[in-house]
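Please build the complete structure, drawing on both the sequences and the hints.
Chains A and B are the protein sequences, given in the same order. Heads up: the first sequence at position 112 corresponds to 111 in numbering that gives the first Met the number 0, and the numbers run straight through without jumps. Heads up: the second sequence at position 39 corresponds to 38 in numbering that gives the first Met the number 0, and the numbers run straight through without jumps.
Don't read these hints as lab results, they were simulated from the structure. Predicted, not measured: the structure shown is a model, and the values here were computed from it. Note that CB positions come from ideal geometry on N, CA and C, so glycine has one too. One thing to keep in mind: the hints can contain errors.
[Claimed, not checked] Derived CB-CB ranges, DEER-like:
no.	chain 1	residue 1	chain 2	residue 2	range
1	A	Lys118	B	Asp67	49 to 59 Å
2	B	Glu25	A	Glu59	15 to 25 Å
3	B	Lys27	A	Glu75	26 to 36 Å
4	B	Leu126	A	Arg34	36 to 46 Å
5	B	Tyr82	A	His44	38 to 48 Å
6	B	Gln55	A	Ile15	41 to 51 Å
[Stated by the list, open to error] With a straight-line Cα cutoff of 30 Å, these simulated DSBU-like cross-link-like pairs (lysine-lysine) come out:
no.	chain 1	residue 1	chain 2	residue 2
7	B	Lys81	B	Lys32
8	A	Lys14	B	Lys27
9	B	Lys27	B	Lys81
10	A	Lys118	A	Lys71
11	A	Lys39	B	Lys1
12	A	Lys74	B	Lys27
13	A	Lys74	A	Lys14
14	A	Lys74	A	Lys39
15	A	Lys71	A	Lys39
16	B	Lys1	A	Lys118
17	A	Lys71	A	Lys14
18	A	Lys14	A	Lys118
19	B	Lys1	A	Lys71
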Amino acid sequence: MADDFLHFMVYLTRKIEFSASHLYHNPAFSAEENRRVFGKCNNPHGHGHNYVLEVTVAGEPDPATGMVLDLKELKEILQREVTDRMDHRFLNYEVPELAGQIPTCENIAAVIWRLLESKITRGHLNRVRLYETPDLFVDCYGEGNGAHPNAGGAR
Amino acid sequence: MKIQLSRRYRFSASHRLHSAQLGEDENKRVYGKCNNPYGHGHNYVVEVSVSGPVDQATGMIANLTDLDAFVDSEVIEPFDHKYLNEEIAEFRESVPTTENICIEIFNRLRLFPRARLERVRVEETGLNSFEYAGESSGATHE
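Okay, structure coming up:
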């Protein structure tokens, strides 16, 4: 019976939101250069966003459960690794993984990718998409994981 | 890990779908309402994706100020509040379907100097969208 089961790669996506503040400032730049490169994002008191995170896990559904991985398990991983670390935090000062980095959408997404990659033990982490606003987002993909259906290119 | 940055832009424009290679009846049959001789318009959304190394000094693939200025001068300024069939040279020759608009926008943005253009996705309405990732794009995104 199991041999008759069709093996399809399925992409499961879970979305969470967190709100955080940040500012862009490179201590190696002069004050003027910081303002020129980072614009309003250089405001010394910081500013905030409602971030939306979409985490995609790829895998074949387990024939016994019909699941790639248990959504409850994924929810707990996201709560522990992302929400508890970043929600209602000032990212520059309160998230050690971002220490010494400019907390741009690129760097936050990459930190989230690294935090999650080893924690996803069923299927594999396929994509992390982080929206800073509805009009600006960053995607991280694994090398050689194969394409997410939304990775672009031909479908 | 591969990383890419995407940004959404908007323009509003009118167009008419009419092919010089088809007769009047055939145009009406193929394009339906979109063949109305006076044209009609949409609020288009353009999603632009770029990739490249994250500059450690800025934390950025590309500074949004540069990307916004480039997209604005190459696409938004020429396309916004225009009649695409007449006012974009490319569409005097080809039909301004969203497929062709997507390819034209990709071609206009591929020379962005600060990062590699990965993909352009155009929403004609909230219910349909088209993507183009260049001629050499295959089934996988590597």
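Each hint, compared with the structure:
1. A/Lys118 <-> B/Asp67: 49 to 59 Å: Violated - the Cβ-Cβ distance for A/Lys118 and B/Asp67, about 36 Å, lies outside 49 to 59 Å.
2. B/Glu25 <-> A/Glu59: 15 to 25 Å: Because 47 Å falls outside the window, the suggested range is violated.
3. B/Lys27 <-> A/Glu75: 26 to 36 Å: With Cβ atoms ~57 Å apart, the hint is violated.
4. B/Leu126 <-> A/Arg34: 36 to 46 Å: holds, 42 Å
5. B/Tyr82 <-> A/His44: 38 to 48 Å: Since B/Tyr82 and A/His44 have Cβ atoms about 46 Å apart, the given range 38 to 48 Å holds.
6. B/Gln55 <-> A/Ile15: 41 to 51 Å: For B/Gln55 and A/Ile15 the Cβ distance comes to about 28 Å; the hint is violated.
7. B/Lys81 <-> B/Lys32: holds, 20 Å
8. A/Lys14 <-> B/Lys27: violated, 43 Å
9. B/Lys27 <-> B/Lys81: holds, 23 Å
10. A/Lys118 <-> A/Lys71: At roughly 14 Å apart (the allowed maximum being 30 Å), A/Lys71 and A/Lys118 satisfy the hint.
11. A/Lys39 <-> B/Lys1: Holds, at roughly 28 Å.
12. A/Lys74 <-> B/Lys27: Not satisfied, since the Cα-Cα distance of roughly 51 Å exceeds 30 Å.
13. A/Lys74 <-> A/Lys14: holds, 9 Å
14. A/Lys74 <-> A/Lys39: This hinted pair is violated, its Cα atoms lying about 34 Å apart.
15. A/Lys71 <-> A/Lys39: violated, 39 Å
16. B/Lys1 <-> A/Lys118: holds, 19 Å
17. A/Lys71 <-> A/Lys14: holds, 13 Å
18. A/Lys14 <-> A/Lys118: holds, 17 Å
19. B/Lys1 <-> A/Lys71: holds, 27 Å
Checked against the numbered hints above, the structure violates hints 1, 2, 3, 6, 8, 12, 14, 15; every other hint is satisfied.
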